Amino acid sequence: EAGVAQSPRYKIIEKRQSVAFWCNPISGHATLYWYQQILGQGPKLLIQFQNNGVVDDSQLPKDRFSAERLKGVDSTLKIQPAKLEDSAVYLCASRHSTGEQYFGPGTRLTVT
Amino acid sequence: AQSVTQLGSHVSVSEGALVLLRCNYSSSVPPYLFWYVQYPNQGLQLLLKYTSAATLVKGINGFEAEFKKSETSFHLTKPSAHMRDAAEYFCAVSDNYGQNFVFGPGTRLSVLP
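Protein sequences, first through last, are from chains A and B. Just so you know, our numbering puts 74 at position 74 of the first sequence, and the rest follows in order with no gaps. Throughout, our numbering is defined as the position within the second sequence, counted from one, plus 1000.
It is worth saying that the hints were derived from the structure and are not from the lab. Every value quoted in this text rests on a predicted model; they were computed, and no experiment measured them. C-beta atoms are modelled at their ideal positions from N, C-alpha and C, and glycine is treated no differently. Heads up, a few of these hints could be off.
Claimed, not checked - If the Cβ cut is set under 7 Å, some of the chain B residues that face chain A in the computed set are: (1) L1044; (2) K1058; (3) F1103; (4) T1107; (5) S1110.
Chain A extracted, bound-state conformation (with noise of 0.2 Å):
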């Protein structure tokens, strides 16, 4: 069985530009999540999926994160403008329907 596939493992931008990150989860996963890991710290949850409609966004910075998962299946999670603290590791992760998450490999991001 194929894992959570993430794209790409790392990026660089400057302060003010954009950046999307991408995500496949494990086929008929249903509920999807995007998490926000910063150096040292655990993952926080930033927004969660159940198919298409978001279940929970309540600590999404929506002023300039924006996701979406057209069709259920793959996601995207943008940030516009970033600055120098969302520099982390973005994981993804889908959840089995016996109740665990498993993870894609996370894609770091630095905001220089």
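Given chain A, work out where chain B should sit, using these hints.
Chain B alone, transformed into the frame defined by chain A:
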């Protein structure tokens, strides 16, 4: 709302020694509990999970954890540490619908030769 605390941001053990990583949770509903491991520059990998069945849960790589409701704890143990166990370990809690999934701050495990 759920929350997780992990006592000790960094734990060092000698190779072959017992590993004990602490996790305490707070939940207003019966929780699902998880331990994940993260190796450098990788995503999180599930070690084990508790979903209201047996309170002693066995996972991969020789790890196990015991759910203690009275102590609201879910500590992770391994009888004998290996060098390859050096990584960051995260405890997480959710409700039984997979909602409100919250991670702890993590514990970095170092294994000394």
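Consistency of the hints with the structure:
no.	hint	verdict
1	L1044	holds, 4 Å
2	K1058	violated, 15 Å
3	F1103	holds, 4 Å
4	T1107	violated, 10 Å
5	S1110	violated, 15 Å
Violated hints for the displayed structure, listed by number in ascending order: 2, 4 and 5.
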